[in-house]
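4 protein chains.
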Amino acid sequence: MMGDVGLKYGPVIFEGVSPNAAFMTRVKRFILTARTKYQEVQILELYEYGRALVLDGYIQSTENDEFIYHESLVHPITVTHPHPKKALIIGGGEGATLREILKHSSIDEAVMVDIDGELIEFAKKYLDFMHQGSFNDPRSKLLIEDGYKYVKDIAPRKYFDVVVLDLTDPYGPEISRKLYSKEFYAMVKSVMKDDGIMVTQAGNSFFYPRTYARVLENIKANFSIVREYWVWIPSFGYACNFIAASDTLDPALMSEDEVNSRLKSRNVETKFYDGALHVSFFKGKVLLGKVPEE
Amino acid sequence: MMGDVGLKYGPVIFEGVSPNAAFMTRVKRFILTARTKYQEVQILELYEYGRALVLDGYIQSTENDEFIYHESLVHPITVTHPHPKKALIIGGGEGATLREILKHSSIDEAVMVDIDGELIEFAKKYLDFMHQGSFNDPRSKLLIEDGYKYVKDIAPRKYFDVVVLDLTDPYGPEISRKLYSKEFYAMVKSVMKDDGIMVTQAGNSFFYPRTYARVLENIKANFSIVREYWVWIPSFGYACNFIAASDTLDPALMSEDEVNSRLKSRNVETKFYDGALHVSFFKGKVLLGKVPEE
Amino acid sequence: MMGDVGLKYGPVIFEGVSPNAAFMTRVKRFILTARTKYQEVQILELYEYGRALVLDGYIQSTENDEFIYHESLVHPITVTHPHPKKALIIGGGEGATLREILKHSSIDEAVMVDIDGELIEFAKKYLDFMHQGSFNDPRSKLLIEDGYKYVKDIAPRKYFDVVVLDLTDPYGPEISRKLYSKEFYAMVKSVMKDDGIMVTQAGNSFFYPRTYARVLENIKANFSIVREYWVWIPSFGYACNFIAASDTLDPALMSEDEVNSRLKSRNVETKFYDGALHVSFFKGKVLLGKVPEE
Amino acid sequence: MMGDVGLKYGPVIFEGVSPNAAFMTRVKRFILTARTKYQEVQILELYEYGRALVLDGYIQSTENDEFIYHESLVHPITVTHPHPKKALIIGGGEGATLREILKHSSIDEAVMVDIDGELIEFAKKYLDFMHQGSFNDPRSKLLIEDGYKYVKDIAPRKYFDVVVLDLTDPYGPEISRKLYSKEFYAMVKSVMKDDGIMVTQAGNSFFYPRTYARVLENIKANFSIVREYWVWIPSFGYACNFIAASDTLDPALMSEDEVNSRLKSRNVETKFYDGALHVSFFKGKVLLGKVPEE
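Chains as they are written, first to last, in the working numbering: chain A, 1 to 294; chain B, 1 to 294; chain C, 1 to 294; chain D, 1 to 294.
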């Protein structure tokens, strides 16, 4: 990081971290550019991160660090549930969230609902390292449907043990905004069993403190136990926040040993997540930045 | 983070995160640009982070998030020491590391050694929120000296309880490189009491895994207890790693309550660090990225 | 321009060339940042261009290439006038346009009207190479006034031989927009002698073809002889257009020898402009780009 | 160009203009990324410029402004030759230089020599608007060969009336460097008829004054009549220089009417170039920038 080095010329992804800060990552090769009915999809090779999925100009996940995001999203709540059988994923087009859920041998049904069928076809074709065959697991049920509509009108009531909301950012594309609303969380609750647990990714609390606070409030209006945690994702250029919620289960009460023992009994193998990290997450402290006066 | 927003034009700091990724942060106002004998110093106002210190083109600390870095650097080892009296800081020109050390009422002498006297004058003049008068605390002793030389030739032997190495990155300017060497850590050990403890910031382990591994090895060659932790620093665009080391004291064994009770008994007030975060740090997991083939 | 070079890290000016293209130029040193009543002013040293004036985030002129802009703005019309005595400049805060006008020994009065008195004070203090003492020339009259108001209400009628409009871009800050209107050109005409001639800088016709066409039309509505020319300005990242207008004088009819002989008889010395370049300008071809569908 | 606009996020081409300045242009769609034996090839859609060819990270030509470059390269020398029949092009993989040469009905043979056969296949497939079928013109002879070797060992002596060197920049990829040497120009001269004329693109004289001066010197060492001209190319972010050379023909002596009359008699239709522009080119003034001390 000396003053005499610099960014090499060529194609880059130029990405916003906040309204006043941007991130540039060098692109090695372009594999796909396509516009689906819902969003612009790019699949490309980044010098630093390997193959990457980019939606509407924003890096969603990359070969070299996707495990940090997907393991942190899925396991804390799934491990907190003592016997999770029925799982629901909204979003998660790459199939990596599904992959992580299915690692828990207790799961006998994982419903994944993504609005963008074309995206899933691209993921199947170009992003094997993400889904790793999870779409073909007999326990998987893939629905191409609006997640909001699915939860509102289609899903069975009081059915799911764990619900994972794997969406674009709450301050991001319009497509995901309603999936962070108070109404939506009420409907999510209605499809969960009484002792179910849910989690949502929640963007970044430091750069978007107001949006984050609103999402947190919308969740608190519906659940009595709400836990926040975050983890740095290198390819995002910032830390990603998560919010877990339940009326009966509290991930913050799980000990390191309990987590490790459940992972072992369910045959879950991970690269990053384990009992110590679980404790670390729920002992961590979420930070809200100062929003610059506009 | 919608596709229809972008980075506003005007002056920015263009900063490398890794050889293949860069960060751009908008500048609101330029306060000082100067070249000292050792480095280029800039003090400026950033839209997102408030007033900032930039050395050789790299953001060192900013008004809105410096507490994350400085509290995380200083308190984990200082709180782990049961009765820290003598503290040594190498680097830390802004005075914020000194400020944090002095919060521990048990400290009766804090020696700060920085090679760049001009930088310290600038900090005194323009960065009040960093030092907050700590240079004038009667317990402070400021030496303008090469930290390497101080530890090698000048410092008393077996004298310090805590040593804080607050340096530019190990893959950064030449000026700091020798302060990450095996020889240097041996000398640091010689100025510490037998039950002393030290910490160094260690750059970023994900983007510079080889450099980080070398620094870790150099420390392990000298100390029997070595603990790693990291925290995301928003204005850096990445997480910052820290390595703590001692022959007798282990920060990973401190409980949440012990930490909180020591902070209370020493009248330490913080914005971010506390017993829960301490536990979170030492339960966390350090990640080494895949270095792209060059 | 090999793939293995890149842009060095550090502070840069990040500037828009068009809604889809930006320009980054490395900054060596910051000299001044200030907000006047009308605009944000920065004076800084650029690695490639020397000292520069930046208004509202846009480079206005730099030490190493300002002569291209200022000579191209002033001399074509001034040399076309056979005996220019009274000159009016609207804008031109740096004083370099005034400097060029005053080179013509026939000029006995040069009125410069700039709305931003603070800017002129900064120029006097930090930009000697721009004005080169022209503010102190006894023929100069400097008025701190809104150029629109001056031309509408204050200026004597049928008085000026040459009028130079040295403004920010027609698609730029609000402050200059009305100075490109049909009404304003009618008023400008009213303060010119019948055989007077005027020129305006007109931004860039390739990236802003609609705005340029509108400005051209506004001028054509008022003058019977209208000539367009342009020149590449390295520090702008694009070519700058100019439009000259008169009811009697035609710069396109001046021969190379006539231009050179007038320059000589008036003791005008230049770095760039001469008879050949004059002919080149009016034989050149203005290009309108294709505006991307938004 | 107001301070409140900015560059939209998403993929961009990040390109160097000089060692201290860079250019960013937004990419709409990626069509091809491939590595040939000689260079990296990208074909993509830019928001501002339409479809573009990028070699080794540098924009070579774009749909919306390629005519400026190709017409300016080819016609000034071809029109200066009173009866050009045999033409040689070195480089020019897109086929647009060939297209322009073939517009002159007097041409009965146009030999194009490009080292990169894969690039030409990509151009044939994806860049119709560049070549417009010129590869299929019965007068065209395409050779996949090293241009240096062709001129040295293969080409007939004293054969060509016009020679066009359409290469990557003289300070650019290694692949083109030897094609700007004194030895190469001597060999080029040997394959030209005594009254032949040649032209080379010569990069940018303002940002690379030393390289440009060396190329100019190398040409002057071989030809008695050497003429320089330049034109701004929007998608390059700078002006492109050209150098024409002959022992008998002087483009600077052609009048506007002569140029127009030859274009007409040879049925040449252009978008940009004509007699007035020809005169403008050779009355223009080439500028050498100040190279910053490194």
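Since the hints were derived computationally from the structure, they do not count as laboratory data. Treat the hints with care, since some could be wrong.
Because identical chains share one entry, a pair is satisfied inside a single copy or across any pair of copies.
[What the hints assert, rightly or not] Derived pair list, reagent style DSSO-like, types lysine-lysine, alpha-carbon separation capped at 30 angstroms:
#, residue 1, residue 2
1, Lys125, Lys290
2, Lys103, Lys285
3, Lys285, Lys189
4, Lys220, Lys189
5, Lys125, Lys193
6, Lys37, Lys8
7, Lys124, Lys271
8, Lys178, Lys8
9, Lys149, Lys264
10, Lys28, Lys125
11, Lys285, Lys264
12, Lys290, Lys28
13, Lys290, Lys152
14, Lys124, Lys290
15, Lys125, Lys182
16, Lys290, Lys85
17, Lys125, Lys220
18, Lys290, Lys103
19, Lys220, Lys178
20, Lys158, Lys28
21, Lys178, Lys28
22, Lys290, Lys264
23, Lys8, Lys264
24, Lys149, Lys271
25, Lys86, Lys290
26, Lys37, Lys125
27, Lys290, Lys37
28, Lys285, Lys271
29, Lys220, Lys8
30, Lys271, Lys290
A quick look at each hint next to the structure:
Only between protomers do Lys125 and Lys290 lie at most 30 angstroms apart by alpha-carbon distance; the minimum there is 24 angstroms, versus 42 angstroms within a single protomer. Taking the closest pair of Cα atoms, Lys103 and Lys285 come within 30 angstroms of each other both inside a single copy (28 angstroms) and across two copies (21 angstroms). For a Cα distance limit of 30 angstroms, the shortest separation of Lys285 from Lys189 inside one copy, 26 angstroms, qualifies, whereas the shortest one across copies, 32 angstroms, does not. Taking the shortest Cα distances, Lys220 and Lys189 sit within 30 angstroms of each other inside one copy (12 angstroms), while across copies they are farther apart (50 angstroms).
Neither within a single protomer nor between protomers do Lys125 and Lys193 lie at most 30 angstroms apart by alpha-carbon distance, with minima of 35 angstroms and 58 angstroms respectively. Taking the shortest alpha-carbon separations for Lys37 and Lys8, only the inter-copy value of 21 angstroms comes in at or below 30 angstroms, while the best intra-copy value is 34 angstroms. Taking CA atoms no more than 30 angstroms apart as the test, Lys124 paired with Lys271 passes inside one copy only; the shortest distance there is 22 angstroms, against 46 angstroms between copies. Only between protomers do Lys178 and Lys8 lie at most 30 angstroms apart by alpha-carbon distance; the minimum there is 24 angstroms, versus 40 angstroms within a single protomer.
When the C-alpha separation of Lys149 and Lys264 is checked against a cutoff of 30 angstroms, the pair qualifies neither within a copy, at 36 angstroms, nor between copies, at 52 angstroms. When the C-alpha separation of Lys28 and Lys125 is checked against a cutoff of 30 angstroms, the pair qualifies both within a copy, at 19 angstroms, and between copies, at 22 angstroms. Taking identical chains as interchangeable, the C-alpha atoms of Lys285 and Lys264 lie at most 30 angstroms apart whether they share a chain (28 angstroms) or sit on different chains (19 angstroms). In this homomeric assembly, Lys290 and Lys28 come within 30 angstroms of each other (Cα to Cα) only across copies, at 15 angstroms, whereas the closest approach inside a single copy is 36 angstroms.
For a Cα distance limit of 30 angstroms, the shortest separation of Lys290 from Lys152 qualifies neither inside one copy, at 36 angstroms, nor across copies, at 43 angstroms. Taking identical chains as interchangeable, the C-alpha atoms of Lys124 and Lys290 lie at most 30 angstroms apart only when they sit on different chains, with a minimum of 24 angstroms there against 41 angstroms within one chain. When the C-alpha separation of Lys125 and Lys182 is checked against a cutoff of 30 angstroms, the pair qualifies neither within a copy, at 36 angstroms, nor between copies, at 49 angstroms. For the identical chains of this complex, Lys290 and Lys85 are neighbours neither inside a copy (42 angstroms) nor across copies (35 angstroms), given an alpha-carbon limit of 30 angstroms.
Taking identical chains as interchangeable, the C-alpha atoms of Lys125 and Lys220 are never at most 30 angstroms apart, the minima being 39 angstroms within one chain and 46 angstroms between chains. Taking identical chains as interchangeable, the C-alpha atoms of Lys290 and Lys103 lie at most 30 angstroms apart only when they sit on different chains, with a minimum of 24 angstroms there against 39 angstroms within one chain. When the C-alpha separation of Lys220 and Lys178 is checked against a cutoff of 30 angstroms, the pair qualifies only within one copy, where the shortest distance is 16 angstroms, while the shortest distance between copies is 51 angstroms. Taking identical chains as interchangeable, the C-alpha atoms of Lys158 and Lys28 are never at most 30 angstroms apart, the minima being 47 angstroms within one chain and 45 angstroms between chains.
In this homomeric assembly, Lys178 and Lys28 come within 30 angstroms of each other (Cα to Cα) only across copies, at 28 angstroms, whereas the closest approach inside a single copy is 35 angstroms. In this assembly of identical chains, Lys290 and Lys264 lie within 30 angstroms of each other by CA distance solely across copies; the values are 27 angstroms between and 42 angstroms within a copy. Taking the closest pair of Cα atoms, Lys8 and Lys264 never come within 30 angstroms of each other, the shortest separation being 45 angstroms inside a single copy and 47 angstroms across copies. Within a single copy, Lys149 and Lys271 get their C-alpha atoms no closer than 35 angstroms, and across copies no closer than 42 angstroms, so neither meets the 30 angstroms cut-off.
Taking the closest pair of Cα atoms, Lys86 and Lys290 never come within 30 angstroms of each other, the shortest separation being 40 angstroms inside a single copy and 35 angstroms across copies. Both within a single protomer and between protomers do Lys37 and Lys125 lie at most 30 angstroms apart by alpha-carbon distance, with minima of 18 angstroms and 28 angstroms respectively. With identical chains, the CA atoms of Lys290 and Lys37 are at most 30 angstroms apart between copies only, with a shortest distance of 28 angstroms across copies and 36 angstroms within one. Proximity of Lys285 and Lys271 under a CA criterion of 30 angstroms is satisfied in both settings, with 23 angstroms inside one chain copy and 10 angstroms between copies.
Neither within a single protomer nor between protomers do Lys220 and Lys8 lie at most 30 angstroms apart by alpha-carbon distance, with minima of 46 angstroms and 35 angstroms respectively. Taking the closest pair of Cα atoms, Lys271 and Lys290 come within 30 angstroms of each other only across two copies (14 angstroms); inside a single copy the shortest separation is 34 angstroms, beyond that limit.
Hint compliance for this structure: hints 5, 9, 13, 15, 16, 17, 20, 23, 24, 25 and 29 are broken, all remaining hints hold.
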